[in-house]
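Chemist: As a plain string of letters, each chain reads:
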Amino acid sequence: MTFFRLDPEVYARHKDEVLRLSNSFQTIERRGLSDREIAERLGLDERTVTEIRVVAERDCYPLDEWERAIEFKRKACADWAALALKRPELRSP
Amino acid sequence: MSGLPVDATRRVKALALTAGAAVVGVADAAAFDAHAPAPHRPADLLPGARTVVVVGGAQPRAGDWVAASPWLLSTMGTTERIQGVGRRVAQVIESELGYYALFVPPGTASGDAPFLSLMLAAELAGLGARSLAGPVLNREHGFMYWSAVITTAPLEVDPPETAPACPAPPCREMWERDGTTPCLRVCPADAGGCLGGRIDGGRAVRTTYDAARCATRVHTHWVGGFQKVLEEALSEPDRERRKMLLYGDFMTRTLWAITYSSTNVAQCFECLRVCPAAHGLREMR
Numbered sequence: 001m002t003f004f005r006l007d008p009e010v011y012a013r014h015k016d017e018v019l020r021l022s023n024s025f026q027t028i029e030r031r032g033l034s035d036r037e038i039a040e041r042l043g044l045d046e047r048t049v050t051e052i053r054v055v056a057e058r059d060c061y062p063l064d065e066w067e068r069a070i071e072f073k074r075k076a077c078a079d080w081a082a083l084a085l086k087r088p089e090l091r092s093p
Numbered sequence: 001m002s003g004l005p006v007d008a009t010r011r012v013k014a015l016a017l018t019a020g021a022a023v024v025g026v027a028d029a030a031a032f033d034a035h036a037p038a039p040h041r042p043a044d045l046l047p048g049a050r051t052v053v054v055v056g057g058a059q060p061r062a063g064d065w066v067a068a069s070p071w072l073l074s075t076m077g078t079t080e081r082i083q084g085v086g087r088r089v090a091q092v093i094e095s096e097l098g099y100y101a102l103f104v105p106p107g108t109a110s111g112d113a114p115f116l117s118l119m120l121a122a123e124l125a126g127l128g129a130r131s132l133a134g135p136v137l138n139r140e141h142g143f144m145y146w147s148a149v150i151t152t153a154p155l156e157v158d159p160p161e162t163a164p165a166c167p168a169p170p171c172r173e174m175w176e177r178d179g180t181t182p183c184l185r186v187c188p189a190d191a192g193g194c195l196g197g198r199i200d201g202g203r204a205v206r207t208t209y210d211a212a213r214c215a216t217r218v219h220t221h222w223v224g225g226f227q228k229v230l231e232e233a234l235s236e237p238d239r240e241r242r243k244m245l246l247y248g249d250f251m252t253r254t255l256w257a258i259t260y261s262s263t264n265v266a267q268c269f270e271c272l273r274v275c276p277a278a279h280g281l282r283e284m285r
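So the protein sequences, as listed, match chains A and B. My numbering numbers the first residue of the first sequence as 1 and each following residue consecutively. My numbering numbers the first residue of the second sequence as 1 and each following residue consecutively.
Just so you know, the hints here were simulated from the structure itself, not pulled from any lab data. Just so you know, not all the hints are guaranteed correct.
Non-contacting residues of chain B with respect to chain A, defined by C-beta distances greater than 10 Å in every case (computed) [what the hints assert, rightly or not]:
(1) D33
(2) R61
(3) V92
(4) S95
(5) L102
(6) P160
(7) P170
(8) E173
(9) M244
(10) T259
(11) V265
For the chain B half of the interface with chain A, some residues (derived, Cβ under 10 Å), not all of them [stated by the list, open to error]:
(12) W65
(13) V66
(14) W71
(15) R206
(16) A211
(17) A215
(18) V218
(19) H221
(20) Q227
(21) F250
(22) Q267
(23) E270
Remember, predicted model here, so these are calculated numbers, not experimental data. Ideal Cβ positions, reconstructed from N, Cα and C, are used throughout, including at glycine.
Start from the sequences, fold in the hints, and give me the full structure.
Modeler: So, in structure tokens, the structure goes:
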């Protein structure tokens, strides 16, 4: 038995649809589908859908988004400390 | 009741509280079916499951919420404290009541997806309700960490909470005044954040949640960040530039976080930091 490798072409073809149906982007009108449910809907096997979903979740945003996350938290945290402690000098510049 | 002592539920709950839980409730295992797909239901994990005991606690302290560095609260997120209570509950159900008890593992079943939604379990056990920001908030304690035990024991089930903590009165007032709430304002999906929603008839209605972006914030220095930098490093042909990526602050912090895994999993609390229902803002000296 060989190690399971997702075919990049299969990934590219189904990535957006799998993400839309999964729980990765949630909207109020429907619950996300399980990998098995998505597989049934798209005519794929469950293992392939799992791999597409897992890779796509990581692939959604570029590395720059991680840098933005750091700046977001630094600013939000400092601004809250300034407000909660009534110390305006703690606000982020 | 299949030989279950009449005071079994009371005993399990008392044990959980003594072991350190702030709250404890019991959900009907079958109630998950309407909300969670297979294989993320109690009976998918423990065939014959009847109930799910949920414990909550280990909340951050007031000092953690007002800390001036965002990295402090992430290291305070000690979920393992409540996991220890869950494990103790499972042990007692088996040793004292003689029923199967499965501690729900805090890890993932595939990718970033959990075995069972602990937030759904908390809701169904009547311990809180989903907030606009996402996490389940308890009316008395606000934000907490959760642990769950699936069991074949037919314990007495608690009703769902009828009056959710979210939206808090200040948030309802803010919505009327500004058309937003503290959590929606700090992390708006339509402006580079994760959350979308509204207050409708006094109730919080969550319309959008970008879980993938949330993962870059909750798990900044974590598995996803590690994979992204590793991918970048493998694609970088210049050895010195590769070194800057692998030896730099981001990768170093990420490896510290991963190796201290159980105490540094949650790394973003900004939607809850500003939430009046999550922890309040008690006057401290």
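Chemist: Indicate, hint by hint, whether the structure satisfies it.
Modeler: Results of checking the hints against the structure:
| no. | hint | in the structure |
| --- | --- | --- |
| 1 | D33 | holds, 12 Å |
| 2 | R61 | holds, 13 Å |
| 3 | V92 | holds, 32 Å |
| 4 | S95 | holds, 34 Å |
| 5 | L102 | holds, 20 Å |
| 6 | P160 | holds, 17 Å |
| 7 | P170 | holds, 13 Å |
| 8 | E173 | holds, 17 Å |
| 9 | M244 | holds, 14 Å |
| 10 | T259 | holds, 19 Å |
| 11 | V265 | holds, 15 Å |
| 12 | W65 | holds, 7 Å |
| 13 | V66 | holds, 5 Å |
| 14 | W71 | holds, 8 Å |
| 15 | R206 | holds, 6 Å |
| 16 | A211 | holds, 5 Å |
| 17 | A215 | holds, 7 Å |
| 18 | V218 | holds, 9 Å |
| 19 | H221 | holds, 9 Å |
| 20 | Q227 | holds, 6 Å |
| 21 | F250 | holds, 7 Å |
| 22 | Q267 | holds, 8 Å |
| 23 | E270 | holds, 4 Å |
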